[in-house]
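Participant: Listed below are the residues making up each chain.
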Amino acid sequence: MINKTKKWWEGLVLTCVEVTRLSFDVPEERKLTVTEKLKLKFHRSMCIWCRRYYKQGKFLQEAMNKYQKKSSDGTITKKKMSNEMKEKIKRELQDSVK
Amino acid sequence: MQHKIDLNRLVDDHGDYLYRFALVKVRSETIAEDMVQETYLAAVKSLESYKGKSTERTWLTAILKHKIMDHYRKYSKEENFDDTESERLGILKYFKRENGWSGSWNEKFRPARWNISPEQDLENKEFYEVLEKCLTELPDKIESVFRMRELDGEDSKNVQEIFNLSPNNYWIIMHRARLSLRSCIEINWFRTEIQ
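The listed protein sequences derive, respectively, from chains A and B. Per this note's numbering, the first sequence starts with residue 1, numbered consecutively. Per this note's numbering, the second sequence starts with residue 1, numbered consecutively.
No wet-lab data here; the hints were simulated from the structure. You may find that some hints are simply not true.
As the list claims (entries may be wrong) - Under the rule of at most 20 Å between Cα atoms (straight-line distance), these lysine to any residue pairs were calculated in the SDA-like manner: (1) Lys125/B x Glu56/B; (2) Lys55/A x Arg113/B; (3) Lys39/A x Pro27/A; (4) Lys37/A x Leu14/A; (5) Lys80/A x Glu56/B; (6) Lys79/A x Ser28/B.
Unchecked claim - If you only want the chain B side, here are some residues facing chain A, beta carbon under 8 Å, derived: (7) Glu33; (8) Gln37; (9) Phe95; (10) Arg110; (11) Arg113; (12) Ile116; (13) Lys125; (14) Arg178; (15) Ile185.
To be verified - Sample of chain B residues at the chain A side, in silico, Cβ under 10 Å: (16) Glu123; (17) Asp152; (18) Asn168.
Glycine included, every Cβ here is placed at the ideal spot set by N, Cα and C.
Construct all of the structure, not just a fragment, from the sequences and the given hints.
Facilitator: Written as structure tokens, this is what we have:
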């Protein structure tokens, strides 16, 4: 009896593994069905951890994007190419246009 | 009309930018320098086609992006990327497997509440140091795929092609990466904040 109930419940709801999987990077070929979207909403309405996973995941996406920009701009790192390398490149460029 | 460009100035103006752009993706200083070198050599070959339509930096960055993609294409041919079984296991550790309702969060890894504030986090140099550290804790191949995709918003189809991944394997890898990164950031950044 309990097994039947379990099966019925599992048919209705998504597990946290599934929800976290479906939260990001879903392949284009595999669009979420209407039922899946509803199940996702339902699960997240009851599960604070999966809600947080989604919000925090979004935050980290923004962070990664900013990380790229701030690294390149030199805002958060002052790393530079070695002078030897710069001079080497300049020499090679001059050689290649001769 | 021939666009007269001072090649030395081109290096001085954009070299460090390109270097840092590459470095955050490829992590190795040597490889980043190689990428920049190849970029400039390729640029000088296509100077004719550069008509100043985009800025110099945009033009050079586009070339650099292609060099980085080529680099990872080669890298993924040399390394075995099809390791989906271990990725799956890497994912399962975050979720408990009990007799009853399996698939819910393992208490150890349940997302805690984050006190997010843009000035303290996204504008903070120390935050990005923690982010970098957490990225390096990912297994190499997973880290490479994740960086390629998330740092620059590189199209997921391109990422799959570069690393020779099926959409499904790519999905699993990204899932693994996100779970691991989220957990590491929580432990090393948000949990250490004074409540």
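Participant: Which of the numbered hints are not met once you compare them with the structure shown?
Facilitator: Checked against the structure, the only hint that fails is number 1, while the rest are satisfied.
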